Amino acid sequence: MSMLDRKLRRDLLRMKGQAAAIALVVACAVAAYVGSTTTYRALRSSNEEYYDRFAFADVFAELRRAPATLASRIAEIPGSGTVETRIVADGPMNIPDFAEPATAHLVSIPPGGPRLNRLVLLSGRMPEPGSDEALAGETLLKLHHLHLGDAVSVILEGARRTLRIVGTATSPEFIFEIRPGDLLPDDAHFAVFWAPEADLAAAMRMEGAFNNVVLRLAPGADRQNVLDNLDRLLEPYGCLGAYGRDRHVSHRFISDEIRQLQGVAVFMPAVFLGVAAFLLNVAFSRLVGTQREQIAAIKALGYGNAAVGLHFLQLAGVIVLLGTLVGTLAGAWFGSVMTKMYALFYHLPLFRYELDPSAVAAAVLLSLLTAFAGVAGAVRRAVRLPPAEAMRPPAPPRYRATLLERLGLGRLLGPVGRMILRSLGRRPVRALLTAVGVAAAMAILVLGAFLDDSISWMMDLQFRRAQLEDATVTFVEPRDPAVVVELRGLPGVSRVEPFRAVPVVLRAGHRTWRIGILGLPASPALHRISDRGGNLVDIPAAGLMLTDKLADLLHVHPGDDLGVDVLEGTRPRKTVRLAAVVRDLIGLSAYMELDALNRLAGHGPAVSGAFLSVDQASEKELHRRLKDAPMVAGVLLQRVAVASFEATNAQYLLFFTGILVLFAAVISVGVVYNSARVTLAERERELASLRVLGFTRGEVSAVLLGELAVLVVLALPLGCLFGVGFSALIARNLSSDLFRVPLVVENSTFAFAALVVLGASLLTALAVRRRIDRLDLVEVLKTKE
Amino acid sequence: MRLWSAGNDDDARPAPGTPVFVARDLTKVYRMGEVEVHALRGMDLELFAGEFVVLLGPSGSGKSTLLNILGGLDVPSGGTVRYREHDLVGANERLLTKYRREHVGFVFQFYNLIPSLTARENIALVTEISRHPMAPEEALALVDLADRMDHFPSQLSGGQQQRVAIARAVAKRPDVLLCDEPTGALDITSGKVVLGVLARVNRELGTTTAVITHNAAIAAMADRVVTIADGRISKVLRNEHKASPEDLAW
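Going down the list, the sequences are from chains A and B.
Position 136 (the first sequence) corresponds to 136 in this note's numbering; numbering is contiguous.
One gets this note's numbering by counting positions in the second sequence from 1 and adding 1000 to each.
These aren't lab readings, by the way, just hints derived from the structure by calculation.
Incorrect hints may appear among the rest.
Cβ-to-Cβ under 10 Å is the rule here; a few derived chain B residues that face chain A [as the list claims (entries may be wrong)]:
| hint | residue |
| --- | --- |
| 1 | S1064 |
| 2 | T1097 |
| 3 | K1098 |
| 4 | Y1099 |
| 5 | T1118 |
| 6 | I1123 |
| 7 | H1132 |
| 8 | M1134 |
| 9 | R1168 |
| 10 | A1220 |
Quick caveat, the model's predicted, so the values are computed rather than measured.
We put the beta carbon where it would ideally sit given N, CA and C, even for glycine.
Produce the entire structure from the sequences given, and follow the hints as far as they go.
In C-alpha cells form, the structure reads like this:
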C-alpha cells in the first residue's frame, strides 16, 4: 500500500463521523434510486412480459348482443389480428357467510381456452362445461376464506346461478380489478369469474351470440382506423364504442403507477445527491484547509499535482462508494418490500423482483459524479495551492461588521451574538447552503406527510363531506321513478336520491370520449358534487357539466356545444351545451340535471339507480333484501369501500412515511453534524482562547451551537416552502385522469417536520457539545497558528 | 545552458566548490491578504557544491522566499535563477515537481510531517517516488531515531519530529538540502541535536546544505554565512573555522 493510500485510510478514520454522515446521505440517494428504479423496471418488465405472453388485447368493445357470425367480419377489418368474441356479464353475488351485497363480473372461456387475455391458472383446474364450474380471482378466496370446491351464487338474467369454484386464475386484463364505474377498488365486494362459454351463454340467453369483443392489432396496423371500422360494424348491435388500451381501466392504473414510480426514481435521488454534494464540498474545503501544510509538504517532496488531486478524489470516492454499498443493500430491501406491496395490490403473476445490476451501476456512477462535482472546488484548490504559499500561515480570515451591525443593531447583541453573526456573515454561501440542506430534510418530511394529508383530505371531502350516501343501488334496466317509493320502504332507508346514468360518446370536433353522464337532481342532497376547494357545486339546470380535466381533453370551454351520441334506447344524436366545468378530485365525470338527461336520452322519466341513506342498525336486513332483488344489478357500500381503500393506503403511507422520516433524519443529522464539526475544527483555537479568557463551557458552546441554531431556525420556514414545492411537484406527478391529488399540507405536518428536524439537530448538537467540553486548551493553544 | 530533459541528466555530483545555484537580480512580490509584500528586491547569490551555508536574517527579510525559489516551490517575479543547468524561472509546474523530486530535500520550521503517517511511513512517502533512495530505516538510523520508527508524529517530541523530517529529506539522497528555520520551534537542547544531524549529513553525504535562520548563533557552524536584510544580501562571511553544533549557544 502506498504511503498516500495509508494517509487516505487514516484520514478517513479520523473524519469517520463526517464521512459516515456523508456516506449515509449518499446511501439514502442510492437506496431511493435503486429501490424505485428496480421496482419500476420490475413492474414495467413484468407487465410487458405478462401482456406479451398472455396476449393482452389491443382493442376492446362491449355491445348488447351480436350474432356469432359477425366474428368473421370483425376479423376482416384491415389491421385486425386475432379476434375473440366473448360473453361478459355482471350480476349481484351472494357469498356464503357474507351479508353485504357484492358483484360478480363473469367472462366466458371459449372452447379450447381464450386466445387473447389468456388465463393464468393459479390453482385448481379448468372448469368443465355444463357443470356450473368456474374459475375465480384469488383475492375472493383469500378475503372470504373460501376454498376450491366452495360455491357462490350469482343472479343472471333474473335467475340465481351457482358458481362452483374449481380453480383460481388471473389474466392481463385484470391486473387491477375494479368494478366498472367505481372510483376505488373494492376486492371484498367485487370479484372476477371465468366460466365456460356454453354455460354463460345459457345463463345469459346468448347462445350463438356475444356481447364483448377483444382483438389484437396486426403489426403496423392503424389503431384508430380499426376502432372506427369496429364502431361502424358493431353500432347496430348496441356497441358503446370500441376503445384501445389507453382507456382500459386496468392498463391505465398500472401505466400511471409505472409513470409515477419513474418520477420518484428521478426526484428523490436528485435531492439527496444535491445534499451529499454540498456536504462533500464543505467537508473537503475544510479538509484541504486543515491540510494546507501537508499538501505543501507532499508537493515539496516531489509529488505532482495529479497525485495530490487524485488523493483527495480517492478519499471522496471511498466515502461515496461506502454510501453506495449501504444504499444498494437498503435499496434492494426497499425494492423487494415495494414489490411485495405491488404484488398485493396488482394481480401480476409474473411479478418478481431482481436487483438490476445496471441500476446499481448507474447509482455508483451517479454518486461518484456527484462526489466529484462536490469536491471539485476543494480539490482544485489543493492542486493549485502553491507550496510556498502554503508554508506561510494563511492570511487571517476577513471579518467585517455585518449589515445588522452597520444598521446599529449590534449594540443589541452581546459579544457572543456578534461572533455568531460575523461568522455567518463571513461565509454567507456556506451558511445559506447549510440552511438549505436542513430545509431539504424538512421538505422531505413535509413531502412524506403531505401524501397522507392530501389523500385523507380528498377521501374525506369526496366521501364524507360531499357524498353522503351510504349505499348505491344500480338497476339492471332504467326504471320508473316510482321505484323510489319502493326503495324508501326498505328497512333502515331514511333517504333516497334517484339518479340516471346514460352511456354516451361526447364529441368535440375530431375528439371523442366515451362516458356515462350522471343525471342528478339540481341540488343533490346525498350525492353532492364538490370541487377541489371543498365547495359544493350545483348541477346546471340546462346543459352539461364536465370535470375540468375532461373538458381539457376534449378542448372545450363552458359555452361550447358538444355532440352527444346516446348509446342506449333509440340512440339519438344530439347537441348539448357545456354549461360548466367542475374542478373535482376523482375520476372524469359528466353531470346533467336528471330530467334534462332523460330528455336528452329521448326517454320519459326514468332512473338507473339510487343513492341511499341507511340507518346502520338495519344494514344487515337491507343487504339481505337487496341481494334478493332481481331488478338490482349491484349495490355499492360507500363506507366499506372507503374503509378498505384507506386501510390499503394507510399501509403504503406508513411504509413510505417511515422511509422518508429515516431519510430526513439522516439528512438533518448529516448536515448539522458536518457543519458543526467543520466549524469546530476551524474555530478550535478561537474557542479555546475564549475558555482561557474565562468563558464557561456553556458560553463557548453557545458561540458554536448558536450559529447552528440560527441556521436551523432559518431553515424551518425555508423547509416549509421547499416542502410545499416538492409536494406540488409530486402532486403533479401523481395526478392522473383517475385522481387529482390536491396540494393539502396540514399545519400538523409542518409541526411534525419541524420537530423531527429540531430533534435530530438537537441530538447532533449535544454530541458536538461533548467535543467542545473535552477541548484540550493547552494542546490547542500550544500548536502553531 | 542545457534544456530540461526527460531523464535524470545529472546523477553525477558536481565537484566540491563548483557553483550549483546561481541567482541574479531576483525579485519577488506577493500579496498577503490585502497587503503587497516585496520579499526580494534584486538579489544576487551563488551556492557551491558540498558547502554548508547559513542564510541569516530577521523575520521578513526575504530569506524564506529565497529558499522556496531555490527549492522550486515558488517562482520569482523577476531575475534569473539556475540550479546547475536547470533554469528554475522558466520551468513549469511539472518540471519543478520533477526537480524537487530528484534533487531537493526540504526541512521546514514546523516539520510538516503527515500526522496520519508514522515516522517510517513519512519517510517512505518520499522513498517511494525516488530513484536511489536509502531505506527508511537507514535514514532514521542516521538521525538516531531507529527506535521511534513506528511512532506517529503526535507521539514524538518537537526535536524528534524535526529529525524525522531531516531523515525524510535526506532519504532520497538529494543534491541539496534546504532547511527553513529548522530549530525555530525547538528548545536549545533539541535544536543542537537537530543541527548536529544536519552537519553530519553535510559531512558524511556531501549534500549541499542551506539553512535559513534568524538565529545568529547558528552561523558559527557554517562554511559561509550570507546575511540578508530587506530583500537584499547585505554581507557574506566565510568561516575559517567551523564550530561544532555542540559548542553553539543561544
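Hints, verified against the model:
Interface hint status for S1064/B: upheld, as the beta-carbon distance to the closest one in chain A is roughly 7 Å, under 10 Å. Below 10 Å, beta-carbon pairs count as interface contacts, and T1097/B has one with chain A at about 5 Å; its hint therefore holds. Nearest Cβ of chain A to the Cβ of K1098/B: about 8 Å, under the 10 Å cut. The hint holds. Restraint check, Y1099/B versus chain A: the minimum CB separation of about 8 Å is within 10 Å; hint holds.
Satisfaction of the interface hint for T1118/B is found here, the shortest Cβ-Cβ separation to chain A being roughly 9 Å, below the 10 Å cut-off. Interface restraint check: I1123/B against chain A, minimum CB-CB distance 9 Å, threshold 10 Å, status holds. Taken as an interface hint, H1132/B does not check out: its beta carbon lies about 14 Å from the nearest beta carbon of chain A, beyond 10 Å. Hint on M1134/B is violated. Least Cβ distance to chain A is approximately 15 Å, over the 10 Å limit.
Using the Cβ-Cβ criterion of 10 Å, the hint placing R1168/B at the interface with chain A is satisfied: the shortest such distance is roughly 7 Å. This hint is violated: A1220/B has a C-beta 27 Å from the nearest C-beta of chain A, more than the 10 Å allowed.
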